[in-house]
Amino acid sequence: MNENRILEMRGIDKTFPGVRALQGVDFSLNAGEIHALMGENGAGKSTLIKVLTGVYTKDGGTISLKDTGEVQIHSPQDAQKFGISTVYQEITLCPNLTVAENMYIGRGEGSLTNWKKMNADAAKLLASLDIPAKATQQLASCSIAVQQMVAIARAVDMECKVLILDEPTSSLDEQEVEKLFGLMRDLKARGVGIIFVTHFLDQVYEVCDKITVLRDGQLVGEYEIKDLPRVQLVAKMLGKEMDDLSDIKGEQGGYHGDDAGEDVFEATGLQSDAGIKPFDFHIRKGEVNGFTGLLGSGRSECVRAIFGADRVLQGTTKMHGKPVKIAKPVDAMKNGIAYLPEDRKVDGIVGDLSVRDNIILALQVLTGFFKPFSKAQANAFADEYIKKLNIKTASADTPIKSLSGGNQQKVILARWLLMHPEYLILDEPTRGIDVGTKVDIQKLVLELASEGMSVTFISSETDEMLRTCSRLVVMRDRKVVGELSGEDLTQNKIMSTIAGGESKA
Amino acid sequence: MKAENKKGSIFTRVSDTNLLLAITIVIFFLMYLGAIIFQGEGFLKPQKFFDILNNNSALIITACGMSLVMITGSIDISVGGVVALVSTCCAVYLDFHEGSIFGSILIAIGVGLAYGLVQGFLIAYLDIQPFIVSLAGMFFARGMSTIVHTAHFNVASTVFNGLKNTRINVPGMGSVNRKGIYIPAYVEIGVIVALVIVVLLFILLRWTKLGRNFYAVGGNKQSALMLGINVKKTKFLAHLICGVLAGIAGYVYLLHVGSSSADNAMGMEMNAIASSIIGGTMLTGGVGNIVGTLFGVLSLSTIQNIVSGAGLGDAWWTGITIAGMLCIFLVIQSVVMAQKKSALK
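Residue numbers (our numbering), protein chains in the order written: chain A, 1 to 505; chain B, 1 to 345.
The set of hints was computed from the structure by calculation and includes no laboratory data.
All values reported here derive from a predicted model rather than from experimental measurement.
Where hints are given, some of them may not hold.
Claimed, not checked - Straight-line distance between alpha carbons at most 30 Å, and here's what the computed DSS-like set of lysine-lysine pairs gives:
| hint | chain 1 | residue 1 | chain 2 | residue 2 |
| --- | --- | --- | --- | --- |
| 1 | A | K116 | A | K50 |
| 2 | B | K209 | A | K81 |
| 3 | B | K209 | A | K134 |
| 4 | A | K401 | B | K233 |
| 5 | A | K50 | B | K209 |
| 6 | B | K209 | A | K116 |
| 7 | A | K81 | B | K221 |
| 8 | A | K116 | B | K232 |
| 9 | A | K81 | B | K232 |
| 10 | A | K161 | B | K209 |
| 11 | A | K318 | A | K277 |
| 12 | A | K124 | A | K134 |
| 13 | B | K233 | A | K81 |
| 14 | B | K233 | A | K117 |
| 15 | A | K117 | B | K209 |
| 16 | B | K221 | A | K401 |
| 17 | B | K221 | A | K116 |
| 18 | B | K221 | A | K124 |
| 19 | A | K116 | B | K233 |
| 20 | B | K221 | A | K161 |
| 21 | B | K45 | A | K161 |
| 22 | A | K117 | B | K221 |
| 23 | A | K443 | A | K236 |
| 24 | A | K161 | B | K233 |
| 25 | A | K401 | A | K328 |
| 26 | A | K134 | B | K221 |
| 27 | B | K48 | A | K50 |
| 28 | B | K233 | A | K50 |
| 29 | B | K179 | A | K50 |
| 30 | A | K124 | B | K209 |
| 31 | A | K117 | B | K232 |
To be verified - Derived list of chain A stretches under chain B, where covered just means 3 residues or more per stretch with a C-beta under 8 Å from a C-beta of chain B:
| hint | segment |
| --- | --- |
| 32 | 106–118 |
| 33 | 438–448 |
| 34 | 474–487 |
Note that beta-carbon positions come from the ideal geometry of N, C-alpha and C, so glycine has one too.
Starting from the given sequences, assemble the full structure and let the hints guide the process.
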């Protein structure tokens with residue numbers, strides 16, 4: 001083995017019932033290297049990571065480490081012992097314990113807990129990594145971003161040789177991402193090998209040294225970062241040359257019906273109990289608009305108030321100029337409003353139900369549970385949308401939890417499209433999914449709008465918003481601070497509107 | 001505005017477990033105060049309080065075990081049955097086989113251990129629903145106690161009765177009766193055993209890694225696994241300890257009542273669950289405290305005393321008051337937790 005090489009995986013195979021998740025995949029990592037693992041959803045990144053961390057047992061192939069040679073990893077404990085630490089996209093800490101406990105539980109010698117030492121050590125580490133949390137604080141009282149950083153602090157403290165970061169940045173805002181990158185570079189200098197899984201191409205080019213690309217469970221190749229320009233990387237991931245992303249808005253003609261320009265939905269002085277200031281909002285027929293602002297600025301809370309998902313405190317809502325009362329989601333649905341929630345794991349999917357049942361769920365609620373659809377009808381609906389949205393699933397009977405993230409998102413989208421809503425709200429529909437599916441969804445949004453549907457689109461990625469929306473509502477600190485349309489729709493203008501309040505206040 | 005901020009900081013500083021514990025203790029003292037005010041003299045005598053301990057030492061022990069499994073996110077409803085089985089086995093061994101005290105203690109711990117091993121294995125390693133496993137365990141234990149001995153009888157062994165009647169005076173506590181004679185307050189051996197167990201479990205949960213693992217597993221099983229905790233082993237150990245404690249509780253129960261009957265400790269598992277919940281242990285797991293459980297038992301039994309003291313001795317009155325009390329506790333708990341959540345925002 002190469003002098004510098006600390007991890008080498010050769011010919012890894014893993015098969016799940018019905019799917020060959022990994023086929024003879026090779027992967028290697030050097031000390032002091034940040035190595036991006038890229039691929040579309042379902043390409044096998046997560047599976048490879050889980051094989052390496054002992055969550056899954058591999059069917060074939062070998063894993064070798066620098067010090068120990070070939071090893072068998074059967075459980076996360078084994079992985080920890082070999083110096084492999086992982087920080088997952090979803091927080092894998094215990095919310096009921098303190099920050100310090102979460103950093104030290106499950107490891108170390110002896111059978112007693114020395115609270116004093118543990119809290120002191122934790123406080124020191126938190127301070128050195130500049131993490132804004134107290135050691136004795138209960139984890140549940142920290143923000144998601146801080147929880148993520150606590151997880152990284154834990155991994156850092158374990159003196160790991162291999163650190164796996166599985167989409168750690170998807171719930172962080174830009175400053176926090178910068179801080180994380182600083183931390184990664186620091187670890188790199190100390191000789192830790194870092195495997196970085198992410199969907200953000202910018203981030204890959206900012207910190208990584210090497211890229212390994214997977215597609216459909218197979219290795220596409222390993223590249224030096226300087227040898228692989230962005231367009232090529234995307235092409236490798238998709239297995240085809242990518243469409244020109246910047247121009248999709250121009251292609252779609254927009255909606256030109258007689259009633260174009262009429263307000264479909266209008267809200268005045270709307271306020272919910274989620275802590276947002278009262279806001280006014282309206283959307284025209286066939287329009288795509290969006291809420292933008294930093295993480296936590298109240299984007300999601302606004303649309304949740306529109307949909308009645310949070311308790312509405314005051315304000316009036318109108319559909320086509322007629323006042324309507326939306327107190328709970330089912331009211332909104334009856335008025336032709338559909339909402340795709342931000343956190344699909346919590347608010348969206350019913351994991352154990354099949355793809356078909358998940359698709360027909362919302363429509364079933366509207367028609368009433370005492371008038372179930374016939375099996376044939378349900379199948380017809382499911383098949384139509386699986387085809388239309390290109391959902392990758394073994395069959396309509398597959399439980400949705402076994403699908404990859406992007407495909408789960410498409411299923412939920414199908415669920416709402418089936419209702420033929422007049423007004424569709426998409427909250428972070430492209431978060432954590434791959435470039436190909438992102439473009440699919442963006443195109444679909446514009447297509448729907450050109451057919452006369454009104455769409456509100458929320459995304460953390462500004463360029464995505466710019467590509468799809470014709471009007472943007474800008475938010476800061478839970479307040480609407482501006483509205484941009486036409487020529488004002490530029491990256492710079494958005495940034496200055498988000499930041500600009502300081503002088504006024 | 002400023003006061004509100006301060007309130008928020010208190011809520012955020014205290015962990016869920018400690019917050020619920022504080023509520024429990026405050027409510028117990030309020031209730032005891034109420035008992036003194038409305039039912040007068042009786043509750044002022046120290047012996048009244050120690051009798052609550054004497055009558056409930058077995059319940060304290062089972063409730064401790066129950067809290068442990070509940071913190072781990074599991075449940076064990078077989079404990080009442082195990083107490084009955086252990087007390088019949090030990091009584092039969094002592095009287096019909098002229099067994100020794102040492103032997104009978106071994107039997108008690110052995111039966112509890114066997115229960116903990118089997119149920120723990122089924123629940124932790126074979127991943128069977130804990131409710132189902134311990135439901136079967138409960139029926140099995142009740143059935144077995146009837147097979148061991150059907151009729152009700154008092155244990156005659158002199159050594160045993162000596163132990164049973166041992167009174168340990170509480171220094172500095174006592175009261176003067178109508179004839180003016182000073183009678184010191186006392187506790188039975190079972191109370192000492194129960195308190196030792198409370199202390200041991202408190203230490204286990206607070207200062208050992210295993211104890212913290214119980215909380216972690218109850219908080220989030222998947223996360224606990226990822227944090228490198230052996231989830232199966234942790235669950236298994238919780239059930240094992242609970243089983244052994246049920247065995248010890250069975251012996252303590254026999255020491256208190258001194259008689260064998262298949263109907264012994266009827267419904268004790270439910271009282272244990274109720275005490276744990278009143279004591280601030282959450283059925284959802286990850287939150288709980290042994291000291292709270294002790295106060296849970298005390299609260300439960302104080303309310304029972306108040307009800308029967310008011311001349312409402314019927315079983316259904318007790319049942320209804322306990323039900324009402326559980327509701328009040330759960331409402332207070334959820335209100336406070338909701339307050340805490342909104343304080344965080």
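A quick look at each hint next to the structure:
1. A:K116 / A:K50: It is violated: about 34 Å lies between the C-alpha atoms, which goes past 30 Å.
2. B:K209 / A:K81: holds (18 Å)
3. B:K209 / A:K134: holds (21 Å)
4. A:K401 / B:K233: Roughly 27 Å separates the two Cα atoms, so the pair holds.
5. A:K50 / B:K209: With Cα atoms ~26 Å apart, K50 of chain A and K209 of chain B stay inside 30 Å; holds.
6. B:K209 / A:K116: Judged against 30 Å, a Cα distance of about 14 Å means the pair holds.
7. A:K81 / B:K221: holds (20 Å)
8. A:K116 / B:K232: Holds, because 29 Å separates the two Cα atoms, which is no more than 30 Å.
9. A:K81 / B:K232: holds (19 Å)
10. A:K161 / B:K209: Cα-Cα ~25 Å, so holds.
11. A:K318 / A:K277: holds (19 Å)
12. A:K124 / A:K134: Holds: K124 of chain A and K134 of chain A sit about 10 Å apart, inside 30 Å.
13. B:K233 / A:K81: holds (18 Å)
14. B:K233 / A:K117: holds (27 Å)
15. A:K117 / B:K209: holds (14 Å)
16. B:K221 / A:K401: holds (18 Å)
17. B:K221 / A:K116: Roughly 26 Å separates the two Cα atoms, so the pair holds.
18. B:K221 / A:K124: Roughly 28 Å between the alpha carbons, so the hint for K221 of chain B and K124 of chain A holds.
19. A:K116 / B:K233: Answer holds: K116 of chain A to K233 of chain B is near 27 Å, not above 30 Å.
20. B:K221 / A:K161: holds (26 Å)
21. B:K45 / A:K161: violated (66 Å)
22. A:K117 / B:K221: Given pair K117 of chain A, K221 of chain B holds - Cα atoms ~26 Å apart, limit 30 Å.
23. A:K443 / A:K236: Within the cut-off at roughly 21 Å; holds.
24. A:K161 / B:K233: holds (28 Å)
25. A:K401 / A:K328: holds (27 Å)
26. A:K134 / B:K221: holds (24 Å)
27. B:K48 / A:K50: Violated. K48 of chain B to K50 of chain A sits at ~60 Å, over the 30 Å cutoff.
28. B:K233 / A:K50: With a Cα-Cα distance of about 22 Å, the restraint between K233 of chain B and K50 of chain A holds, given a limit of 30 Å.
29. B:K179 / A:K50: violated (78 Å)
30. A:K124 / B:K209: holds (21 Å)
31. A:K117 / B:K232: OK: K117 of chain A and K232 of chain B at ~28 Å, within 30 Å.
32. 106–118: It holds, with 8 qualifying residues against the three required.
33. 438–448: violated (count 0)
34. 474–487: It is violated: at least three residues are needed, and the segment 474–487 of chain A offers just 0 whose Cβ sits closer than 8 Å to chain B.
The structure does not agree with the numbered hints 1, 21, 27, 29, 33 and 34 stated previously, though it agrees with the rest.
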